[in-house]
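Novice: As a plain string of letters, each chain reads:
There are 2 protein chains.
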Amino acid sequence: MKVGILGGGEVGRSLGRGFAAHGHDVMISSRDPDKPELKEWRREAGARGAVGTYAQAAKHGEVLVLCPMGAAAEATIDAAGPRNFDGKVVIDVTNPLDFSGGAPGLFVGTTDSLGERIQRTLPKAKVVKCFNIVNNRTMIHPGMKEGLPDMLICGNDDGAKRQVAGFLKELGWGEPVDVGGIDGARWLEALTALWVRAATAIGSWSIAFKVLRS
Amino acid sequence: MKVGILGGGEVGRSLGRGFAAHGHDVMISSRDPDKPELKEWRREAGARGAVGTYAQAAKHGEVLVLCPMGAAAEATIDAAGPRNFDGKVVIDVTNPLDFSGGAPGLFVGTTDSLGERIQRTLPKAKVVKCFNIVNNRTMIHPGMKEGLPDMLICGNDDGAKRQVAGFLKELGWGEPVDVGGIDGARWLEALTALWVRAATAIGSWSIAFKVLRS
Numbered sequence: 001m002k003v004g005i006l007g008g009g010e011v012g013r014s015l016g017r018g019f020a021a022h023g024h025d026v027m028i029s030s031r032d033p034d035k036p037e038l039k040e041w042r043r044e045a046g047a048r049g050a051v052g053t054y055a056q057a058a059k060h061g062e063v064l065v066l067c068p069m070g071a072a073a074e075a076t077i078d079a080a081g082p083r084n085f086d087g088k089v090v091i092d093v094t095n096p097l098d099f100s101g102g103a104p105g106l107f108v109g110t111t112d113s114l115g116e117r118i119q120r121t122l123p124k125a126k127v128v129k130c131f132n133i134v135n136n137r138t139m140i141h142p143g144m145k146e147g148l149p150d151m152l153i154c155g156n157d158d159g160a161k162r163q164v165a166g167f168l169k170e171l172g173w174g175e176p177v178d179v180g181g182i183d184g185a186r187w188l189e190a191l192t193a194l195w196v197r198a199a200t201a202i203g204s205w206s207i208a209f210k211v212l213r214s
Numbered sequence: 001m002k003v004g005i006l007g008g009g010e011v012g013r014s015l016g017r018g019f020a021a022h023g024h025d026v027m028i029s030s031r032d033p034d035k036p037e038l039k040e041w042r043r044e045a046g047a048r049g050a051v052g053t054y055a056q057a058a059k060h061g062e063v064l065v066l067c068p069m070g071a072a073a074e075a076t077i078d079a080a081g082p083r084n085f086d087g088k089v090v091i092d093v094t095n096p097l098d099f100s101g102g103a104p105g106l107f108v109g110t111t112d113s114l115g116e117r118i119q120r121t122l123p124k125a126k127v128v129k130c131f132n133i134v135n136n137r138t139m140i141h142p143g144m145k146e147g148l149p150d151m152l153i154c155g156n157d158d159g160a161k162r163q164v165a166g167f168l169k170e171l172g173w174g175e176p177v178d179v180g181g182i183d184g185a186r187w188l189e190a191l192t193a194l195w196v197r198a199a200t201a202i203g204s205w206s207i208a209f210k211v212l213r214s
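First to last, the sequence lines map onto chains F and W. Read in order, the letters of the first sequence are residues 1 to 214 in the working numbering. Read in order, the letters of the second sequence are residues 1 to 214 in the working numbering.
Simulated from the structure, these hints should not be mistaken for lab results. As the structure is a prediction and not an experimental result, all values here were calculated from the model. Backbone N, C-alpha and C fix where the C-beta goes; we use that ideal spot for every residue, glycine too. Incorrect hints may appear among the rest.
Some, not all, of what chain F presents toward chain W, calculated at C-beta under 8 Å [stated by the list, open to error]: (1) LYS35; (2) LYS39; (3) MET69; (4) ALA72; (5) ALA75; (6) ALA79; (7) ASP92; (8) ILE207.
Keeping only pairs whose Cα atoms sit at most 27 Å apart, straight-line, the calculated DSSO-like set for lysine-lysine is [said to hold, decoys possible]: (9) F:LYS2 to W:LYS59; (10) F:LYS88 to W:LYS124; (11) F:LYS169 to W:LYS124.
Heads up, incomplete: computed chain F residues facing chain W, CB under 7 Å, no partners named [unchecked claim]: (12) LYS88; (13) LYS129; (14) GLY166; (15) LEU168; (16) VAL179; (17) GLY181; (18) LEU191; (19) LEU194; (20) TRP205.
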């Protein structure tokens with residue numbers, strides 16, 4: 001199949017290599033199709049690989065892979081020509097990451113969380129977000145046939161998090177993944193919305209996430 | 001240790017059972033401490049278990065577990081007495097779930113996504129959110145020493161999602177978890193913000209999520 005990759009960064013090049021290696025005719029594209037990384041990419045990809053402008057790749061592809069920086073997504077579509085997307089599958093790899101301050105946020109929203117509200121309401125307490133990402137049936141001795149899921153926690157006080165880690169160990173969990181200050185609750189809370197959808201898709205409330213490591 | 005559980009629903013009872021079974025002195029609480037589920041809970045928990053009002057449990061606990069419905073979190077804190085939280089570890093299990101329409105949202109925000117914006121910008125395209133939740137090095141043949149991670153996808157067009165599932169199979173993935181319409185991108189995008197924090201905590205960009213099943 002003809003695949004158009006809109007975005008010549010690491011993501012686009014990785015996906016482009018993968019599609020080309022599996023027999024697809026891939027055109028990768030960039031604002032700057034002449035950049036050295038894309039020349040090298042083309043040499044590696046061989047006869048299955050081409051490089052072009054956004055518009056050329058959007059026309060080429062029966063399937064389009066959209067993978068520019070999130071903040072450039074709409075400008076990339078403009079440059080590619082919105083009509084070139086009509087009726088096609090668009091694999092959207094973008095993230096609306098907002099790098100304006102520290103760890104990335106989402107520029108489409110999510111600038112607060114209940115964890116943070118609770119910490120603000122209780123300024124002298126040591127709030128640790130924990131357990132919110134699993135069903136109550138998975139909170140204690142959570143081992144599953146596919147292994148032990150991970151608990152992800154966050155909070156502003158390291159001592160409090162160590163204490164919670166001790167509780168987790170007692171209750172059958174491994175060492176939690178500490179995702180930082182209480183503002184991490186924005187994402188632990190968002191994970192639950194995803195969990196609900198995944199559970200619905202799978203048809204079981206007894207699911208939980210594991211963080212696999214290479 | 002003395003543990004106060006603020007919330008007498010399924011979550012509170014599960015966690016309360018777990019803490020009591022591991023030797024902690026647990027007081028569970030509710031707006032209605034006399035409800036039958038809590039009488040039963042107390043019988044099961046034995047000498048390590050007590051039932052009280054929010055304020056009693058908040059005073060009892062050296063560690064507090066906050067697990068009411070998200071929308072009731074602040075009212076629960078009010079009833080428990082904010083000063084009873086001062087200096088204590090508060091395990092925040094809440095989710096700000098907004099059940100006002102269909103699948104739950106987060107009432108603190110996240111009412112749009114880049115996936116949806118892109119689908120609105122390209123009304124005739126079949127946008128499928130995919131690959132955004134892993135690093136580019138994990139996109140192709142993603143098997144890790146701990147197993148095969150899961151790809152989660154969403155989009156409005158079932159045929160487009162089947163096609164993407166076919167690509168994923170070619171590229172070394174298993175059957176993706178289909179989390180529904182393109183509005184699922186709100187949570188797949190949010191997962192990336194969490195992924196960044198987890199990767200930072202673990203010290204590796206080569207991590208990915210697996211959905212474990214019981």
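Novice: Taking the hints in turn, state whether each one holds.
Specialist: Here is what the structure says about each hint:
1. LYS35: Where the cut-off is 8 Å and the nearest Cβ of chain W is about 17 Å from LYS35 (chain F), the hint is violated.
2. LYS39: At about 19 Å, which exceeds the 8 Å cut-off, the nearest Cβ of chain W leaves the hint on LYS39 (chain F) violated.
3. MET69: 11 Å, violated
4. ALA72: 11 Å, violated
5. ALA75: 11 Å, violated
6. ALA79: With a minimum Cβ separation of about 13 Å from chain W (threshold 8 Å), the hint on ALA79 (chain F) is violated.
7. ASP92: 5 Å, holds
8. ILE207: Check passed: Cβ of ILE207 (chain F) comes within 5 Å of chain W, closer than 8 Å.
9. F:LYS2 to W:LYS59: Violated: LYS2 (chain F) and LYS59 (chain W) sit about 66 Å apart, past 27 Å.
10. F:LYS88 to W:LYS124: Answer holds: LYS88 (chain F) to LYS124 (chain W) is near 8 Å, not above 27 Å.
11. F:LYS169 to W:LYS124: Measuring from Cα to Cα gives roughly 51 Å; hence the hint is violated.
12. LYS88: 6 Å, holds
13. LYS129: 5 Å, holds
14. GLY166: 10 Å, violated
15. LEU168: 10 Å, violated
16. VAL179: 4 Å, holds
17. GLY181: Violated: closest Cβ of chain W sits about 10 Å from GLY181 (chain F), beyond 7 Å.
18. LEU191: Holds, because the Cβ-Cβ distance from LEU191 (chain F) to chain W comes to roughly 6 Å (cut-off 7 Å).
19. LEU194: 4 Å, holds
20. TRP205: 9 Å, violated
In terms of the numbered hints stated before, the structure departs from hints 1, 2, 3, 4, 5, 6, 9, 11, 14, 15, 17 and 20, listed from lowest to highest.
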